[in-house]
Each structure stands twice: as C-alpha cells, then as structure tokens.
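K.L.:
Respectively, the protein sequence lines represent chains U and L. Read left to right, the first sequence gives residues 35 to 423 (this note's numbering). Read left to right, the second sequence gives residues 667 to 1013 (this note's numbering).
Just so you know, the hints here were simulated from the structure itself, not pulled from any lab data. Every residue, glycine too, gets a C-beta built ideally from N, C-alpha and C. Be careful, since some hints might not be right.
Unchecked claim - Chain L regions said to be covered by chain U (calculated; three or more residues, Cβ under 8 Å): (1) 773-782; (2) 928-935; (3) 966-980.
What the hints assert, rightly or not - In silico DSSO-like links for lysine-lysine, alpha-carbon gap of 30 Å or less: (4) 122/U to 995/L; (5) 963/L to 122/U; (6) 995/L to 52/U; (7) 256/U to 277/U; (8) 52/U to 226/U; (9) 712/L to 122/U; (10) 986/L to 52/U; (11) 859/L to 995/L; (12) 963/L to 892/L; (13) 256/U to 52/U; (14) 712/L to 1005/L; (15) 956/L to 859/L; (16) 928/L to 711/L; (17) 995/L to 226/U; (18) 1005/L to 995/L; (19) 52/U to 277/U; (20) 256/U to 354/U; (21) 206/U to 256/U.
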Amino acid sequence: MATMVQAVRLALHVGETKLGVTDIFGEDVGPPLGGVFTATQGLRTAWNSPLDERGIVGAAMGLAMAGQKPVAEIQFCDYAFNTIDLLKLAGNTLWSSNGDWNVPLVLMTPVGAGIHGSLYHSHSLDAQATRIPGWKIVMPSNPRDAYGLMLSAIQDPNPVMVLIPKALMRVKAAGPDEMIPGEPEDPRALGKMIDAPIGQREGWEPEWPETALEFVPIGAAKTVRRGEHVTVVTYGRMVGVAKRAADVLSREDIDVELIDLRSLHPYDWPAIAESVARTGRAVFVNEDTEITNFGEHLIRRCVEELWDSLRAPPILEAGKHLPGVGLAEPLEAATIPGLGSVTDAIRRCVRQPDRRVGNSRPRRDFAFTWTGEAPVGPFDAYERAFRHR
Amino acid sequence: MHERMVEARCLEERLIRMQRGGDGYFWIGGPGEEAFNVALGLLAKKGQGLDHDYLHLHYRSSATLLAMGADPVDALRQMKSVATDPYSGGRNFCGHYSKREWNVAPITSPIEVQYATAIGTAIAQKRAGGEGITIVQGGDAGTAEGDFASCLVWASRPGFELPMLIIVTNNGWGISTPGHEQHGEQRIADRGKAFGMRTATIDGNDAESAYRGLEEAMRYVRRERKPFLLEAYVSRLYGHSSSSGSNYVETEFDCVTEIEKKLVARHLRTSDECDSLRAEYEQFLLEAAKTVSLEPKPEPASVWEHVFTDRDIVGEGARKVPHDNRLWKAPACSFPTTKASKSGSAS
Chain U
35 MATMVQAVRL
45 ALHVGETKLG
55 VTDIFGEDVG
65 PPLGGVFTAT
75 QGLRTAWNSP
85 LDERGIVGAA
95 MGLAMAGQKP
105 VAEIQFCDYA
115 FNTIDLLKLA
125 GNTLWSSNGD
135 WNVPLVLMTP
145 VGAGIHGSLY
155 HSHSLDAQAT
165 RIPGWKIVMP
175 SNPRDAYGLM
185 LSAIQDPNPV
195 MVLIPKALMR
205 VKAAGPDEMI
215 PGEPEDPRAL
225 GKMIDAPIGQ
235 REGWEPEWPE
245 TALEFVPIGA
255 AKTVRRGEHV
265 TVVTYGRMVG
275 VAKRAADVLS
285 REDIDVELID
295 LRSLHPYDWP
305 AIAESVARTG
315 RAVFVNEDTE
325 ITNFGEHLIR
335 RCVEELWDSL
345 RAPPILEAGK
355 HLPGVGLAEP
365 LEAATIPGLG
375 SVTDAIRRCV
385 RQPDRRVGNS
395 RPRRDFAFTW
405 TGEAPVGPFD
415 AYERAFRHR
Chain L
667 MHERMVEARC
677 LEERLIRMQR
687 GGDGYFWIGG
697 PGEEAFNVAL
707 GLLAKKGQGL
717 DHDYLHLHYR
727 SSATLLAMGA
737 DPVDALRQMK
747 SVATDPYSGG
757 RNFCGHYSKR
767 EWNVAPITSP
777 IEVQYATAIG
787 TAIAQKRAGG
797 EGITIVQGGD
807 AGTAEGDFAS
817 CLVWASRPGF
827 ELPMLIIVTN
837 NGWGISTPGH
847 EQHGEQRIAD
857 RGKAFGMRTA
867 TIDGNDAESA
877 YRGLEEAMRY
887 VRRERKPFLL
897 EAYVSRLYGH
907 SSSSGSNYVE
917 TEFDCVTEIE
927 KKLVARHLRT
937 SDECDSLRAE
947 YEQFLLEAAK
957 TVSLEPKPEP
967 ASVWEHVFTD
977 RDIVGEGARK
987 VPHDNRLWKA
997 PACSFPTTKA
1007 SKSGSAS
C-alpha cells in the first residue's frame, strides 16, 4: 500500500522503463538523496541540477525540443515563481510556432500547506498555473491518482504540470481502491523494496514491483461521493478535508456530492455542470489565495451557464488573501481552509433559501433570446478545443 | 557571403518600408549584423535532430536564416502577418523565426530565455556524442539577465561540460541605453573565463574575421564537446526597432559597404556589380511584398489551433539518449573546505 511519494516514484520508474523518460532532474533529485521527499530515489535517469529553477525549466524545454522526455522537479512550488516567464514560453511554443514545435515535458512540484512550512514551503500554485495557457495541470488527491496522472503526464505530448500536495506525500492509500494495481498490499514490504536505507546507500538498488500501466486520463474528474443537496468541487489535499466535512454534515442530514477535479486544465466541466445542475448548490474549495482564484472561474461558469438551475449563490472556500502562511499552527489554521471552515461553507450554502421556489417558469437568459440563434456560450470554443475525453 | 549579406540587408530594408507603409505593425531585425550572422548560417550544420546543430537565435537573426537557405518572401509574410507565414501563422512579430526541420528553435521576444532553453538541447547532444552542437545567440544587453548566468553555470558543470557555442553579439546598446553605462566588465567574453571556458572577442563587422572566429570556435565545440563563449562586436544600423524610428545611423560601421570596398579593391567585384546586385534584390523584394500583401489573413477561429497537440511532433523518430546515473562518475572535489583538498594542498 503505497504512499503518494512512493506512487510518484513507481510511476517515474514505469516512465523511465516503459514510456521513454530520459531525464528526471532537479535540485537534490539524483543520488544520494533522491529528492527532499524521496520521490526520485533509486531511479536510473535521476540527476542533480544546479540550484537554479530557471535553468531547470529551460533545460527541460531544450531536452524536450531535442526529442527527449524529461521530468523536471521544482523542489517546492514556492520557488517556481521566478520561472513563470519560462513556463509561459513552454506553454506558448507550440502556438507561437504554429504547430512546428511541441514541448513534451513534465514539471512536478510539491504544493500547498499542512507541513508547518511557513512562508516559502506552504504556497499553492494552482491559481498561477491555470493562468498559463498551453499547459495541462493535474493535482492528485491519493496515491493511485498520483500514479495514474503521472503516467498520463509522461505520455502526453504537451507540457504537463503535476502539482503534488506536499502534506499528502506520506499519506497511504485509504483503501483498496486507492492502491496501485500490482503493488504489494503490505506497506512494509513495499518500503523494503523501494525505499533506500537511511544512511549508507552505496550499492543499494531498489527492487521494483511490476505495476500495471493504469493511466488516469487528464481532464477527467472523479465523483468521490454521490449526494443530492450540494456539490463540492475540490482537488488535492482538500479532497480528504471535504470528505470528512461530508461525514460531519451527513449527521445533520446534509447529503454532499463530492467531485475530485484531478485535472485543473483541461477541467471536466461536464462533470461539474451535470452535478451542479442537479443539486442546484455548489461549493468550491482549494488552498490558494481567494482573490483571482481558480474556483472563482468555476463559479463564473456556474453563474453564466447554470443560472436557471442554481438554488443559491455558489460559494468559494479558499485561502485568505494574505502575503504568506504563518508558521504557528493558529496562524496557518486561520489562513488555509480546514475541516471547520469547509464544513461551515457547505452548511452555509445549503441553508441559503432556495431562489427557485416561487419561480414557476425557469428564467431565460435574455442575451440568448435577443438573437434568436442557438445559444453560444463564451466557453464553447474552449470546450471544443480542449476536451480530451 | 557578400551576396547573402546584400540579400539580408535588402530584406531588412524592405521590412522597414513595409512597416512604415502600414504593411506591418512592428519591425525589429539585424541590419548591421550581416557579416557575422551570414557566417554563422553558412557554418552551422543544418538539419534536424541531435546530429545537427540546434540554433537558439534572437530577433536580429534574419541573415543567419537566409544564409541557411530560408526564403526571404517568408519573412515578408511574417511582417504582413498573413496566414501563409510559415514561422508563426501570423501570430508573431517579424524576425521571430521557427524551423524545426533545421533545428531552429522558435525565436522569442524576451532577450534572454534562449540561454536557458539551449541548455537542454546541449545536454542531449552531450550524451549523444557525434558532431552536433548547440548554438545560442543573444545581445549584450541580455547578458544582464539571470538566464545568461544560468547558461554559463550549466554549460561548465565539471565532468559534464556542454557542447555549446554561446554567442553574444555586442552592439553596445540595450534599446536606448548605452551598454557602458550599465556594464562594468571590460569584455563580456571574460565572464566565461571564470568558468574555465574558452572565450574570444572578435570584430563581427568584418566578414573575414567573423567567419574565421566562428569557424575556430565551432571546431573547438564540435571536437572537444565543451563550451565556447564568443563575443562579436557588431553594428546596429537602424536602431533598436521601429519604436525608435528605424532610421539609418550614419555613425555606425556598415559591414556591407565595407565588404564591397574590399571586394572592389581586390578586383573580385566591380562597384557596378555590387550596385546591380543590390538593385536586383530590392526589385525582387518589392514585387514579392506586393504579392504577399494580397495573401489572406489568418481565420479568427485559428486562434484555437495549436494550443495542445495530440501528436509528439518533436519526439517522433527522435533518438532518445537517456541519462544513466550508474555511468556517472562525480569529479574529485577541489573545494578548499574538504579534508582531501586541504591535505592535497599541504603536500
């Protein structure tokens, strides 16, 4: 039963033995350490780079353009901010060259709070990342998805960012459905096979289990829990928090439907739309700061496209718009969503009076009735272009 | 070489006229750099994949592309931003070339990012062996950016030096700011010395010394599989871009008139031959610009194309040379803080 960090390592091993990965590199990624979270321990193609994030992204781009298949790591996403210029470049190379060059690289980086990481080891990247077109962006919430999304990221011919919630690195699969097909059931057995011994590592070689090539498609959300009163859309570490909130609320007869988005771009709008149209209530949860937050975009689409179905205003529960996450536990708890605040947000949404009661006729969007043409939403072209299902 | 230089100059002057005449929104280019850039294009090992040279150029590189055999009419198409522009489909400024078939990486507007991306093609070529090298070029102003320092560090990692020709074409200007007001180093090439790199500073305005300087630097990188930092002094004959007026600067050295003087003096060409060569290119490009102006603009819906691809274009048929850390031998440490080096220096 793998932890998320072991799942990433297993996927990278499959990547370098079966999917053509040529380079896994970044700061402290190669031997002897194998990554500060040990995500790259024992991998044959792993190597150490200078402590230079722009160089790492640039090198990954060049390797990709030379027909190689690199997986680069930024040690903490907090240090990816000085690479945004190069991330833009990776995202626009195919487009600017009118389809001449693609950039098949994977960039993985630990994100989010929850490890008492203070200002520079707690940041989220999802809002920034979704503002860099040309990238696919995924964020797993459990070991099996981490494994399957990493495999998909490696196989994808576009730049893909794999955002790994750092607080979940050491968290084991919650049950058999979160296990990787082929991994030993006993977590100690897996640890003995693929975790390097502490201290002297000279001559150590991992013994890799034969795991299946099980891809989690990019762009496909997963409905973690069915419910009828409210839809909660989240990803990464907040999936577990939302699950616990749903358990708490079930005792109050509030039935939560929970969607784990898994991919932030392209995102699974049909899954969100179907659920929100049915429940009429939506709460979006993530750790990033709340102003110009990715959840705000999803709320915009709900309002624009699902207005007739909404029973109450959608709610965003996200990190506070503050310059940092404080080290002391009360400071972190006051900044980042937790069980209490997520539970409150869902409760608040459900307790809003139903705005549809009393409206016998669903309201029509006046903009569409003006033209007399078939409704065309602002995201129709987006859906046509980027839905990879 | 002379003919390509004339062609490149005529192309840049036609592009400037197109922009002024409303047939383009913005001009930026490399008039004044023809001697150096033509030599570079002629000497590059042209082709696709690891066994050929990767070129990470900048927006003053038209002459290099022409010397490699690019059609000048395509540059006019990019200026006119028509759908037939083969480099960007009407999406990018003029001089922003991209040609995967010749390993020419897409040229971008930031002045430094190519120094970072070049690291990657050079790593792949280091592992692949052979003769292919990575050539990266930028201006003197761009060397103030961190990516230039990244390039020097990554190119000279002990035991894994990269087969990379790092070029700085020094025209003495960063837009409107004179370089000497911002840079204290005597020569930019000297920065390479701290990394144990071979370096040279050459007169890029002189066709012969540009060609010889490039030839020698390339020979070293190709054979030794190690980096070379080459600084070439060049002119900027029409200013930074159309934003600064794009007028001919009389005080700058003109490499085209200079090579013509030499050719005439050595009886290799007459002055009339030089004039008629220029007139021929001018006429050809004038006619071509008229034709290009009638070509269709890109369809609005095409903005959605090429955001993502389903096909690994660069990976198809590419030779993969994976890193293998079992083969990696770390070099002996020479830092003065380790016990081994202290005892070594005592003995």
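K.L.:
All the hints need checking, so say for each whether the structure fits it.
P.N.:
Status of the hints after comparison with the structure:
1. Counting residues of the region 773-782 of chain L whose C-beta sits closer than 8 Å to any C-beta of chain U gives 5, which meets the bar of three, so the coverage hint holds.
2. With 0 residues having a Cβ less than 8 Å from any Cβ of chain U, the region 928-935 of chain L misses the three-residue criterion, and the hint is violated.
3. With a cut-off of 8 Å between beta carbons, the region 966-980 of chain L has 12 residues touching chain U; three or more are needed, and the interface restraint holds.
4. Using a Cα cut-off of 30 Å, the hinted pair residue 122/U and residue 995/L is violated, with the two alpha carbons roughly 35 Å apart.
5. Only pairs whose Cα atoms come within 30 Å are accepted, and residue 963/L paired with residue 122/U is accepted, the gap being roughly 26 Å.
6. The suggested pairing of residue 995/L with residue 52/U holds, with an alpha-carbon distance near 26 Å, which does not exceed 30 Å.
7. In summary, the hint linking residue 256/U to residue 277/U is supported, as the alpha carbons are separated by about 13 Å, within the 30 Å threshold.
8. Restraint check for residue 52/U and residue 226/U: satisfied, since their Cα atoms lie roughly 23 Å apart, inside the 30 Å limit.
9. Distance restraint check for residue 712/L and residue 122/U: the Cα-Cα separation of roughly 28 Å lies within the 30 Å cut-off, and the hinted pair is therefore satisfied.
10. In summary, the hint linking residue 986/L to residue 52/U is supported, as the alpha carbons are separated by about 13 Å, within the 30 Å threshold.
11. A threshold of 30 Å between alpha carbons decides the hint, and for residue 859/L with residue 995/L the separation of about 25 Å falls inside it, so the pair holds.
12. A C-alpha spacing of about 45 Å is found between residue 963/L and residue 892/L, which places the hinted pair above 30 Å, so the restraint is violated.
13. Note on residue 256/U and residue 52/U: the hinted pairing holds, with a Cα-Cα distance of about 26 Å set against a maximum of 30 Å.
14. With a C-alpha separation of about 49 Å, the suggested pairing of residue 712/L with residue 1005/L is violated against the 30 Å cut-off.
15. With a C-alpha separation of about 50 Å, the suggested pair residue 956/L and residue 859/L falls outside the 30 Å cut-off, and the hint is violated.
16. Proximity of residue 928/L to residue 711/L is assessed by CA-CA distance (about 28 Å); at most 30 Å being required, the pair is judged to hold.
17. Proposed proximity of residue 995/L and residue 226/U is supported: the alpha carbons are some 27 Å apart, at most 30 Å.
18. Restraint check: the Cα-Cα separation between residue 1005/L and residue 995/L comes to about 20 Å, which is no more than 30 Å; the hinted pair holds.
19. About 35 Å separates the Cα atoms of residue 52/U and residue 277/U, which puts this hinted pair outside 30 Å; it is violated.
20. Annotation: proposed proximity of residue 256/U to residue 354/U holds, straight-line Cα distance about 27 Å (limit 30 Å).
21. The suggested pairing of residue 206/U with residue 256/U holds, with an alpha-carbon distance near 19 Å, which does not exceed 30 Å.
Going down the numbered hints, you'll see the structure goes against 2, 4, 12, 14, 15, 19, while the others check out.
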